[in-house]
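Turn these sequences into a full structure, and let the hints guide you.
In numbering that gives the first Met the number 0, the protein residues as written are 0 to 87.
The reader is advised that the hints may include incorrect statements.
[Unchecked claim] Pair by pair, the computed Cβ-Cβ distance ranges are:
(1) G49 <-> P27: 18 to 26 Å
(2) G30 <-> D68: 16 to 24 Å
(3) D9 <-> G61: 15 to 23 Å
(4) L54 <-> V29: 32 to 40 Å
(5) V14 <-> P41: 19 to 27 Å
(6) D68 <-> Y31: 14 to 22 Å
(7) E28 <-> A8: 39 to 47 Å
(8) D9 <-> V29: 28 to 36 Å
(9) R39 <-> D60: 15 to 23 Å
(10) G58 <-> A8: 33 to 41 Å
(11) L18 <-> L64: 17 to 25 Å
(12) F67 <-> V42: 16 to 24 Å
(13) H48 <-> E28: 35 to 43 Å
These are computed hints drawn from the structure, not numbers from a lab.
In this text the structure is predicted, and so the values were computed from the model without any measurement.
Note that beta-carbon positions come from the ideal geometry of N, C-alpha and C, so glycine has one too.
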Amino acid sequence: MITIGRVEADPTLDVLLDLDGQVLVVDPEVGYWVRFVVTRVPVSAEKPHGIDYSLTLHGRDGERLVGFDNAHPVARRSAAVPRIIVIG
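The structure is reproduced here in structure tokens:
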């Protein structure tokens, strides 16, 4: 880590920022693709690293199938409570 003033600069965040705007084809036969949107924002309690990100998986027709982002905080769950998701 590199310290700039009182904030530590993390070179791995630069790698994440470089992904901004990238679209990668995951499965050309089925047509699945992923999109990265990554921007620098002011550091805050909600975004302590100063990064706003979104990673989404899309189908051939462009429909968003699943996405991960830091648009809002996620409540922490107890490790003792398993999370089961049934698909099908």
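Taking the hints in turn, this is what the structure says about them:
no. : hint                    : result
1   : G49 <-> P27: 18 to 26 Å : 35 Å, violated
2   : G30 <-> D68: 16 to 24 Å : 22 Å, holds
3   : D9 <-> G61: 15 to 23 Å  : 33 Å, violated
4   : L54 <-> V29: 32 to 40 Å : 18 Å, violated
5   : V14 <-> P41: 19 to 27 Å : 21 Å, holds
6   : D68 <-> Y31: 14 to 22 Å : 18 Å, holds
7   : E28 <-> A8: 39 to 47 Å  : 41 Å, holds
8   : D9 <-> V29: 28 to 36 Å  : 35 Å, holds
9   : R39 <-> D60: 15 to 23 Å : 32 Å, violated
10  : G58 <-> A8: 33 to 41 Å  : 37 Å, holds
11  : L18 <-> L64: 17 to 25 Å : 19 Å, holds
12  : F67 <-> V42: 16 to 24 Å : 21 Å, holds
13  : H48 <-> E28: 35 to 43 Å : 36 Å, holds
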